[in-house]
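Going down the list, the protein sequences come from chains A and B.
For the first sequence, position 46 (counting from the first letter as 1) is numbered 46 according to the UniProt record's numbering, and the numbering increases by one without interruption.
For the second sequence, position 64 (counting from the first letter as 1) is numbered 64 according to the UniProt record's numbering, and the numbering increases by one without interruption.
Hints are computed from structural coordinates only; laboratory data are not their basis.
Take these hints with a grain of salt, some might be off.
Note that the list lumps identical chains together, so a pair holds whenever it fits in one copy or between two copies.
Below, computed lysine to any residue pairings styled on SDA-like, alpha-carbon distance capped at 20 Å [what the hints assert, rightly or not]: (1) 46 with 33; (2) 26 with 75; (3) 46 with 21; (4) 46 with 18.
Chain by chain, the residues run as shown.
There are 2 protein chains.
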Amino acid sequence: MSTRDRLVESTRELLRERGYTGTSPKAIQQRADAGQGSMYHHFAGKQDLALAAIERNNEEMTAVAERELSAPGTPYERIEAWLRREREILRGCPMGVLAQDPEIVGSDDLRSPVAGHFEWLRGRLRDVLAEGDLDVRLADTLMAVLQGGYVLARAANDTRPFEDAIEGAVGLLERAAAG
Amino acid sequence: MSTRDRLVESTRELLRERGYTGTSPKAIQQRADAGQGSMYHHFAGKQDLALAAIERNNEEMTAVAERELSAPGTPYERIEAWLRREREILRGCPMGVLAQDPEIVGSDDLRSPVAGHFEWLRGRLRDVLAEGDLDVRLADTLMAVLQGGYVLARAANDTRPFEDAIEGAVGLLERAAAG
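Only chain A is shown next, with the shape it has when bound in the complex:
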């Protein structure tokens, strides 16, 4: 990996583990095994690093969700596959944890790319729901089940609340899809 890539990957890890407020440029340098001069050669500072990390999160997460949502199968089956995908629950959602960080929510520059990912996902889910004649507001309901599932699991330090939240939602959706 290039130094630039190591810096971006280290920033992604630290944002997920410690949030934006809890991540210092020095911690990023240490994690990436990069010097201060090298870091400032590639990035203007912590915000610039965070924007690159969010952009890479967005690319990866969009590609994974798109595979599930555009796979063969009924709308219900595609959404079920997306909901039930294995996730690193106790690490939290890479995007969701950022939406809870007061410094990110307080800065339009940092908040906008996080919002952009959820907007894309909302639109994509609404298309699939509409295809199945389901209430398109369920896009937000189902995204919220995932995001809130992470919150409850992290509070409990146990994956069970996440798993129960998903299975409860799948049951409701199945019933709605059956008409």
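For this one, chain A is given, so just place chain B on it according to the hints.
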């Protein structure tokens, strides 16, 4: 308000606005208009203040939810009233924001009382769901819809994702309750 109460209320506000990591003892003193000596007379430090703030959150939130969940009406109606209660959406859930704070999740002393509130709510919702012959795992689904709704609303800086998430969930629950 007594100095002790002002310190606890100021801690509650700051935890909700800036998280645990982003809140300093100095900021609490300034918000409470209390001196350092006075703060350390009442509390051993930031963790002790946070524990008192979480305890007061818990008391208030438990009382409000209990009113809705033990009101007259069918299980569906009581859960609907709880879901649709007016909330200060863009400020985030006082408990949920703490479950996203890396320093709180990383400390069993701080995480446990947050987990305890959600455990109480889960048990209470499960009782009401069981009374209505509904899947008790929906307790976590519905708690997650609320917590995730806050996350999506804060990411978007707009209350709409929260509102859509709730209305989608109410529609699914109504259908399930109708049998």
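Up to 20 Å CA-CA - residue 18 versus residue 46, copy category: Intra 14 Å, inter 19 Å, cutoff 20 Å: intra and inter.
Up to 20 Å CA-CA - residue 33 versus residue 46, copy category: Only inside one copy: residue 46 and residue 33 sit 16 Å apart there, 33 Å across copies, limit 20 Å.
Same-copy or cross-copy closeness of residue 46 to residue 21 [CA-CA at most 20 Å]: Both ways: residue 46 and residue 21 sit 10 Å apart in one copy and 17 Å across, limit 20 Å.
Copy assignment of residue 26 with residue 75, given that the CA separation must stay at most 20 Å: For residue 26 and residue 75, the Cα distance exceeds 20 Å both inside one copy (46 Å) and across copies (53 Å).
Violated hint for the displayed structure: number 2, the only one.
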